[in-house]
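Those sequence lines, one after another, are chains R and Z.
Sequential numbering of the first sequence, starting at 5, is according to the numbering used here.
Sequential numbering of the second sequence, starting at 5, is according to the numbering used here.
For the record, the hints were derived by calculation from the structure and aren't laboratory data.
Mixed in with the good hints, there may be bad ones.
A pair counts as met if it fits within one copy or between any two copies, since identical chains are not told apart.
[Stated by the list, open to error] Below 20 Å or equal to it, Euclidean Cα-Cα: the simulated PhoX-like pairs (lysine-lysine) are:
1) 201 <-> 162
2) 162 <-> 12
3) 162 <-> 209
4) 161 <-> 36
5) 32 <-> 209
6) 41 <-> 93
7) 41 <-> 119
8) 119 <-> 32
9) 119 <-> 209
10) 184 <-> 120
11) 101 <-> 184
12) 12 <-> 93
All values derive from a computational prediction rather than experimental measurement.
Number of protein chains: 2
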Amino acid sequence: MNNKISNKGSLIVVSGPSGVGKGTICGKLIEKYDNVKVSVSATSRSPRVGETDGVSYFFKTRDEFVSMINSGELIEYNEYNGNFYGTPKAYVEEQLKLGYDVILEIDVNGAMNVKKVYPEAVLVFIAPPTMETIRERLIGRGTENIETIEQRIEIAKKEILIAPQYDYIVINNDLDMAIKDVVMLIDAARLRVCNNKEFIENLLK
Amino acid sequence: MNNKISNKGSLIVVSGPSGVGKGTICGKLIEKYDNVKVSVSATSRSPRVGETDGVSYFFKTRDEFVSMINSGELIEYNEYNGNFYGTPKAYVEEQLKLGYDVILEIDVNGAMNVKKVYPEAVLVFIAPPTMETIRERLIGRGTENIETIEQRIEIAKKEILIAPQYDYIVINNDLDMAIKDVVMLIDAARLRVCNNKEFIENLLK
Chain R
5 MNNKISNKGS
15 LIVVSGPSGV
25 GKGTICGKLI
35 EKYDNVKVSV
45 SATSRSPRVG
55 ETDGVSYFFK
65 TRDEFVSMIN
75 SGELIEYNEY
85 NGNFYGTPKA
95 YVEEQLKLGY
105 DVILEIDVNG
115 AMNVKKVYPE
125 AVLVFIAPPT
135 METIRERLIG
145 RGTENIETIE
155 QRIEIAKKEI
165 LIAPQYDYIV
175 INNDLDMAIK
185 DVVMLIDAAR
195 LRVCNNKEFI
205 ENLLK
Chain Z
5 MNNKISNKGS
15 LIVVSGPSGV
25 GKGTICGKLI
35 EKYDNVKVSV
45 SATSRSPRVG
55 ETDGVSYFFK
65 TRDEFVSMIN
75 SGELIEYNEY
85 NGNFYGTPKA
95 YVEEQLKLGY
105 DVILEIDVNG
115 AMNVKKVYPE
125 AVLVFIAPPT
135 METIRERLIG
145 RGTENIETIE
155 QRIEIAKKEI
165 LIAPQYDYIV
175 INNDLDMAIK
185 DVVMLIDAAR
195 LRVCNNKEFI
205 ENLLK
């Protein structure tokens with residue numbers, strides 16, 4: 005961090021295709037970087053073994069989730085495999101107010117919805133250097149068969165088509181470089197005038 | 005510079021009140037930083053001793069300057085003390101095409117005009133930590149009387165009122181920090197999706 009003139013954190017949306025390494029990037033970021041918080045999602049699915057409420061997810065019943073939707077408590081949500089997933093507004097706004105930068109690791113549809121609610125959110129798309137890299141990484145995981153991998157690559161292509169609507173693109177060619185780039189974008193976001201309105205007002209007093 | 009995925013340079017507008025040190029920042033930037041070019045302005049005023057055509061300014065007669073205005077050769081221009089000053093489009097576009105980042109050190113009115121012609125330009129406002137700093141620096145120069153200094157401070161206040169229309173604000177509290185911040189903003193600009201359309205298209209091929 006350079007000239008820290010802003011006390012206001014930024015909302016940073018991180019998306020990217022399956023297998024691009026966005027989870028690893030976000031994980032390393034909160035480890036290394038005190039100022040960054042990763043938002044915890046709410047879900048209506050049941051906790052798996054080892055998952056903790058409020059850490060892995062905020063676990064809700066389906067009724068509770070629907071009531072959160074109806075009362076506007078979520079920034080964005082979607083239904084996947086019969087379960088709801090969404091981003092609670094309260095946690096995000098609380099952390100931003102405390103001065104933290106908040107990262108939302110969400111899919112492209114979620115990202116577009118966040119931009120509608122928070123036009124000042126910074127949208128970062130993590131891209132692979134080539135499509136072949138994605139294929140290799142998914143094969144390397146060894147958890148999916150070749151058919152599922154090809155499906156994921158087709159989904160990745162659709163996601164990349166939406167990348168031009170993001171603010172920034174970071175290529176995950178080298179993990180440390182990609183992390184450095186995301187940190188730079190977070191630091192740069194702090195220098196935005198929208199994060200420094202108070203400073204400008206005080207200057208004129 | 006981190007992940008250099010973009011071959012396209014960015015147009016960076018640097019403005020700020022008289023005495024804020026923006027000239028020093030831009031000067032150090034091109035010294036240290038190969039990728040940055042500072043645009044050379046055109047003017048209708050006569051060259052002073054030691055000034056070189058094409059380096060200090062592109063010197064034009066008043067008729068030549070008016071003809072440049074009429075043929076749309078300038079990104080922005082204004083008249084000051086009976087002389088025209090403006091930014092020639094050709095030089096800027098040539099350097100951007102070559103992959104350089106081009107800095108325009110211009111006033112707030114010029115900056116607003118650039119944003120109309122180049123919506124993708126990055127507008128950086130260099131601010132003093134306090135108004136008192138501006139006063140001290142202007143007094144320190146020893147070239148102006150107290151009345152002129154107070155006039156400049158009044159102009160500075162009017163300029164700061166326009167700062168909220170910029171993209172970023174960099175405080176020149178410590179020169180090295182301020183340079184680091186501007187370099188960071190230039191690096192971040194290279195990761196914008198608008199600078200990387202070709203990469204995204206190639207990814208999908």
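Hints and how they fare:
Taking the closest pair of Cα atoms, residue 201 and residue 162 come within 20 Å of each other only across two copies (16 Å); inside a single copy the shortest separation is 38 Å, beyond that limit. Taking identical chains as interchangeable, the C-alpha atoms of residue 162 and residue 12 are never at most 20 Å apart, the minima being 34 Å within one chain and 25 Å between chains. For a Cα distance limit of 20 Å, the shortest separation of residue 162 from residue 209 across copies, 13 Å, qualifies, whereas the shortest one inside one copy, 50 Å, does not. In this homomeric assembly, residue 161 and residue 36 never come within 20 Å of each other (Cα to Cα): the closest approach is 31 Å inside a single copy and 40 Å across copies.
For the homomeric pair residue 32 and residue 209, neither the shortest alpha-carbon distance inside one copy (41 Å) nor that between copies (31 Å) is at most 20 Å. Taking the closest pair of Cα atoms, residue 41 and residue 93 come within 20 Å of each other only inside a single copy of the chain (14 Å); across copies the shortest separation is 43 Å, beyond that limit. Taking the shortest alpha-carbon separations for residue 41 and residue 119, only the intra-copy value of 19 Å comes in at or below 20 Å, while the best inter-copy value is 34 Å. Taking the shortest Cα distances, residue 119 and residue 32 never come within 20 Å of each other, neither inside one copy (25 Å) nor across copies (37 Å).
In this assembly of identical chains, residue 119 and residue 209 lie within 20 Å of each other by CA distance neither inside one copy nor across copies; the values are 33 Å within and 28 Å between. Taking CA atoms no more than 20 Å apart as the test, residue 184 paired with residue 120 passes in neither setting, with 28 Å inside one copy and 32 Å between copies. Taking identical chains as interchangeable, the C-alpha atoms of residue 101 and residue 184 are never at most 20 Å apart, the minima being 25 Å within one chain and 27 Å between chains. Taking identical chains as interchangeable, the C-alpha atoms of residue 12 and residue 93 lie at most 20 Å apart only when both belong to the same chain, with a minimum of 17 Å there against 37 Å between chains.
Violated hints for the displayed structure, listed by number in ascending order: 2, 4, 5, 8, 9, 10, 11.
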